[in-house]
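Participant: All chains should be built: construct the whole structure from the sequences, respecting the hints.
Protein chains in written order, with our numbering: chain A, 26 to 232; chain B, 95 to 361.
Note that these hints are calculated values from the structure, not bench results.
Note that the structure is predicted; figures quoted are calculated from it, not measured.
Positions of the beta carbon are idealized from the N, C-alpha and C atoms, including for glycine.
Don't take every hint at face value.
[What the hints assert, rightly or not] Stretches of chain A that chain B covers, calculated by requiring three or more beta carbons in the stretch to come under 8 angstroms of a beta carbon on chain B:
hint : stretch
1    : 71-83
2    : 160-173
3    : 218-232
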Amino acid sequence: MKYSIIMILAFSLFGITLNSNAQNSNKDNFEVKVDGLGCPFCAYGLEKKFKELKGIKDVKIEMETGIMNFTFPTDKGLSIEKVESQVEEAGYTPVSVVITRGNGKTETSEREVLEEVAEEAIVESAFFVAGNCGMCKARIEKAAKDVSGVLDANWNKETKDLIVSFDGSKVSQEEIENAVAKSGHDTNIATADDDIYDKLPGCCQYR
Amino acid sequence: MRNLILILLTICLISCNQEINWTKTKSIDLGKVTPIGLTYANGNIWLADGDHNQIVEMNLEGVVQKVYEGFERPMHIDSQEDAVYIPEYGTDNISILKDGQKSVMEIQDSLDAPAGVAIYKNERAIADFYNHRILYFNGTKWMSFGEEGKARGEFYYPTDVQITKDKIYVADAYNNRAQVFDKNGTAELVIGNTDKLNAATGIYVSSKQMFLTDFENNRVLVYDLKGKLTQTIEGDFEKPTDILMIDKQIYISCYKSKELVVYSNQN
Numbered sequence: 026m027k028y029s030i031i032m033i034l035a036f037s038l039f040g041i042t043l044n045s046n047a048q049n050s051n052k053d054n055f056e057v058k059v060d061g062l063g064c065p066f067c068a069y070g071l072e073k074k075f076k077e078l079k080g081i082k083d084v085k086i087e088m089e090t091g092i093m094n095f096t097f098p099t100d101k102g103l104s105i106e107k108v109e110s111q112v113e114e115a116g117y118t119p120v121s122v123v124i125t126r127g128n129g130k131t132e133t134s135e136r137e138v139l140e141e142v143a144e145e146a147i148v149e150s151a152f153f154v155a156g157n158c159g160m161c162k163a164r165i166e167k168a169a170k171d172v173s174g175v176l177d178a179n180w181n182k183e184t185k186d187l188i189v190s191f192d193g194s195k196v197s198q199e200e201i202e203n204a205v206a207k208s209g210h211d212t213n214i215a216t217a218d219d220d221i222y223d224k225l226p227g228c229c230q231y232r
Numbered sequence: 095m096r097n098l099i100l101i102l103l104t105i106c107l108i109s110c111n112q113e114i115n116w117t118k119t120k121s122i123d124l125g126k127v128t129p130i131g132l133t134y135a136n137g138n139i140w141l142a143d144g145d146h147n148q149i150v151e152m153n154l155e156g157v158v159q160k161v162y163e164g165f166e167r168p169m170h171i172d173s174q175e176d177a178v179y180i181p182e183y184g185t186d187n188i189s190i191l192k193d194g195q196k197s198v199m200e201i202q203d204s205l206d207a208p209a210g211v212a213i214y215k216n217e218r219a220i221a222d223f224y225n226h227r228i229l230y231f232n233g234t235k236w237m238s239f240g241e242e243g244k245a246r247g248e249f250y251y252p253t254d255v256q257i258t259k260d261k262i263y264v265a266d267a268y269n270n271r272a273q274v275f276d277k278n279g280t281a282e283l284v285i286g287n288t289d290k291l292n293a294a295t296g297i298y299v300s301s302k303q304m305f306l307t308d309f310e311n312n313r314v315l316v317y318d319l320k321g322k323l324t325q326t327i328e329g330d331f332e333k334p335t336d337i338l339m340i341d342k343q344i345y346i347s348c349y350k351s352k353e354l355v356v357y358s359n360q361n
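Facilitator: Next up, the structure:
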């Protein structure tokens, strides 16, 4: 699992590095709020793996606030989407990303604006999702909430039930379960691919 | 008469089989300290404060004596005489803190996130988290045992280790169990694998019992040295990480509730 995470992170970030010039005097500052840092053994380890990546400097994670800071060369133009993707690959669940570029400009991840939903279209249901810990909870809930039409999602670590409310005219429970499985967590009708499952942090592996 | 004999026999059997029973006596508030590991040296308790990259020395009442900064994610520590051994998860080193001075233990191998260290006489053991193995120095030479896996003798992210006179005990964290090895690295016993642990992160072995923290379930499981579960300690503490015994009291460090919970036995 460790090496999968390292390889993915390394290849992605090396790809950005190869396309850049040698100038690296200016640095962009990244502040990423992450969710689910309940397990220090995995969180510290992921911080360590971030530190080993070429180009990333000054990685620091405040466990109490869930805020991760690091710097990266400005000329690499690391985007919010890329950061979110890498953070997810490393097992964290990103809540927000703020980039302060070397020239002082700030970029912030956009918040999703929920549309109004007719009351009669709202469906509430609960289904089983496999997982272990707080990091699992953050990942499962984000995977569900990222599905268009999902209004709320709450996973219970003890019962393993994910309670969701969603716009039944836009999305089905099956689609939500498939989306959750794609994050690495099995449901009763959808199984996570092994390669995705193997990238989960040790504390999240439930099989 | 026959019934009376049966009753007396039952009482006798119950009393003869009476287990050591731990009951809570107090809780020590650690303020902002997030403890991962515990040890006892110089008459004080030492805590590895993982989140804040520091080692905290406090007396038995919980009064902080001194704080030592500059450790990168210190984990399950151990001590010998007045030296404290500190696995630094972030630097892959085992540091030694003695008389306020920091040095680094020489190891003829490379670690990847050391999560626990154990010292016994001239023996050393290290739980090498990302390499899924134990490094063991028998006083003469280093050896390594275990590899990634779920079978007996294999590990899935070991986080803590303890050496006794003739055994090596390992908290096999994400296999949710403990394993006991002889000093050649041969697995002799698997403990806790049927007890529904969720992250067995800390281990402590006394002369009669073995304690295992069940991190996600907020429990400490107590076993006899044959692996039989004798008590489940549950309370209002959250995310227990390590256990230490001092003068017939056990101290449980709790990462999330930021406290040391103290239990004593009545037997």
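Participant: For every hint, state whether the structure bears it out.
Facilitator: Hint by hint, here is what the structure shows:
no.	hint	result
1	71-83	holds (count 3)
2	160-173	violated (count 0)
3	218-232	holds (count 3)
Of the numbered hints given earlier, the model fails hint 2 alone.
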